[in-house]
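With the sequences and hints as input, model every part of the structure.
Protein sequence lines, in the order shown, are assigned to chains A and B. Per my numbering, the first sequence runs over residues 895 to 1290. Per my numbering, the second sequence runs over residues 895 to 1290.
There's no promise every hint is true.
A pair holds if it fits inside one copy or across any two, identical chains being indistinguishable in the list.
[What the hints assert, rightly or not] The calculated DSBU-like cross-link candidates involving lysine-lysine, where the alpha carbons are at most 35 Å apart (straight line), are:
hint: 1; residue 1: 1238; residue 2: 1120
hint: 2; residue 1: 1238; residue 2: 1055
hint: 3; residue 1: 1090; residue 2: 901
hint: 4; residue 1: 1287; residue 2: 1237
hint: 5; residue 1: 1287; residue 2: 1120
If you're looking for bench data, these hints aren't it; they were derived computationally from the structure.
There are 2 protein chains.
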Amino acid sequence: MNYRISKKMQDLRPSAIREIFKALSDPTIISFAAGNPAPESFPVEELARLSADIYAKESVTALQYGITEGYPALRRDVEARLSDRFNISMEGQTTVITSGGQQGIELLCKTMCDEGDTVICENPSFIGALNAFRSLGCNTVGVPLAEDGGIDLEKLEDTMKACPRAKILYLIPTFQNPAGTCMPLEKRRAVLELAKKYNIVILEDNPYGELRFAGEEIPTIKSLDKDNIVVYSGSYSKVLSAGMRIGFICGPEELITKLVVAKQVEDVHTNQFFQMLCHRYITECDIDAHIAGIRKLYKHKCGLMLSELDRVMPDCVKYTRPEGGLFIWCTLPDSIDQGEFIKKAMEKKVAVVPGQAFNCDTSAPSQCFRLNYSTPSDEQIITGVGYLADAVKAML
Amino acid sequence: MNYRISKKMQDLRPSAIREIFKALSDPTIISFAAGNPAPESFPVEELARLSADIYAKESVTALQYGITEGYPALRRDVEARLSDRFNISMEGQTTVITSGGQQGIELLCKTMCDEGDTVICENPSFIGALNAFRSLGCNTVGVPLAEDGGIDLEKLEDTMKACPRAKILYLIPTFQNPAGTCMPLEKRRAVLELAKKYNIVILEDNPYGELRFAGEEIPTIKSLDKDNIVVYSGSYSKVLSAGMRIGFICGPEELITKLVVAKQVEDVHTNQFFQMLCHRYITECDIDAHIAGIRKLYKHKCGLMLSELDRVMPDCVKYTRPEGGLFIWCTLPDSIDQGEFIKKAMEKKVAVVPGQAFNCDTSAPSQCFRLNYSTPSDEQIITGVGYLADAVKAML
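What follows is the structure in structure tokens.
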């Protein structure tokens, strides 16, 4: 049998991060590679209590088929929070529960793009989104981040002009993955104007928006949008549980109604029990207090990783100082071979993600690597950063 | 804003069944339209007990990110059952846990087909699969079912010859949806030979394989396959819970390894907690006894619906006599306008699915409609069939 693989899937490789994650069955490896939330951040006791109650009182609804749009009460909760907490107007908008934030990204692309169409992305950007676009036969065209942490506006307009088949501008304006930076408010307004001018939908991916532990909050692009340009993707992975796969996508009714049809043929609907569990948690527990606890935890972990980097890492290695999210983005000096460094780190049993993984152009080189501080323990952070510094010193 | 919808999604309508399902919020409607398992078939008590134990002992694993391939212990359970119960050889095969059977179908198509490629299907066939193929820009070419309940072999070969871009042959050989029939053993062997000759992968969809309540079991096509031609899709929706969205796909390593990459960009992995719950149920409870109970229930419900049809339905309406699965397939005489009949049935508050929904060619007419017996109560079956007979009589 000669298996004929589709052109769009032929060259797509599994995410480097997910592959590293698989290699982590070796418990002696310190992983700064994942994007996992801290295990301490799962509200296990409450979820166990509410689950027992769902089995006792609503088991049939929880175990039977649901509707593709999602559990109605949870959709209402999501919209109320977007409106109250993020100042997003729900006029003309609708919300669909997705199987994690990832699914919403893939579905919007499927809804709008045919093979050969283009998605404009920040470069670097989230590998899961880049691969989703590629898996649908789309071109990912990268626009570099500027010094201020937001996308380079001039290059963005050049790209929009040059790409008539660009339909979506994919952005992670808040605690960008992998760079950890935030797009300044004025740039958010400017990006919105450009998208309007070139009739391109903005997909604002905001999985880390609740995780600010320093600095001033910046309004989401969606909250500034008066022209129905922005589709907003969010997730409960980083605040309740990643393994449950519950996210959402909110945008103009006309678009999202089409997106529902695309979801229907992918998985009919998202796990019904956990949708109900989310709803119960949001309405019966204190989610704000819970999130405040997570912020405190990550503030500590990020602070520890930064202070260790400050203490032991040679000055030639540059890194971001995030005010939220999960990641620190590091840049090696040109004198160090990045591939050799990643290998040396792995020999010392520290896993990091090489910067190439986040490039729109997969063949482009990178001097960067990404560190995660939410998953490792304090001890692992201290030991692991030490090993990374040793690896750098050995290569100078 | 002028939203540019992809060509492949532009004309795709939501599944008629899911739309009817939404309309069923009116509790006075008797629905024979869904494909829902009977609520009595959910093993609530055991799931509640095992869930509590997972929270107590393995909460971090259950709530954290998992690997895309699926929870390893559940993959082993699935393979053991495919091997022991269905006599399927696991040599050179691998299994991935999917978010319901639906996802496996969509993923295989994405892995193999580009826009403009063809999937050959039985006509009529499962609307969820047809729409999945369409959502990826594929043509669905239908081959009619023959009198024996299996696909018409001669027309199948004609179609394979005529379609060089046909990459997948999608079949539901056991309790076909919507027809309720089984493909005879000799025809299964012949189909396998044809697929080999024309280098086309068979996707054998078997969500109802465990639900035989009469007649002799027929080997799956996958169990007859010596040439790595068949990919097998299954689901726990009809035996444990539909709402949890747990299915699986098993096939040649080379293909399934690629399919994992496609799954990764759709939802990263399937709900981890429920994967673990399935594993616990399969290994700690008596799933065979549980399935035997479901079979007994459906034997009763199907028998009741058939005896009511025999008793009150005018002879001019023909219907299948299924030996398993969830559906009876009815054909109206040419003298009755099918669209009028469906409307009249709905006025009498009985919902059925019009046959057009299952046609590969969506513009083709149909004299058929599908009845489901697993969801309605005994009383609803008796009342509802009576109303349908009244509708027919009024139109004669």
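Status of each hint after checking the structure:
Taking the shortest alpha-carbon separations for residue 1238 and residue 1120, neither the intra-copy value of 50 Å nor the inter-copy value of 46 Å comes in at or below 35 Å. In this assembly of identical chains, the alpha carbons of residue 1238 and residue 1055 never lie at most 35 Å apart, being 43 Å within a copy and 55 Å across copies at closest. Proximity of residue 1090 and residue 901 under a CA criterion of 35 Å is satisfied in both settings, with 32 Å inside one chain copy and 22 Å between copies. Taking the shortest alpha-carbon separations for residue 1287 and residue 1237, only the intra-copy value of 14 Å comes in at or below 35 Å, while the best inter-copy value is 78 Å.
With identical chains, the CA atoms of residue 1287 and residue 1120 are never at most 35 Å apart, being 52 Å at best within one copy and 57 Å at best between copies.
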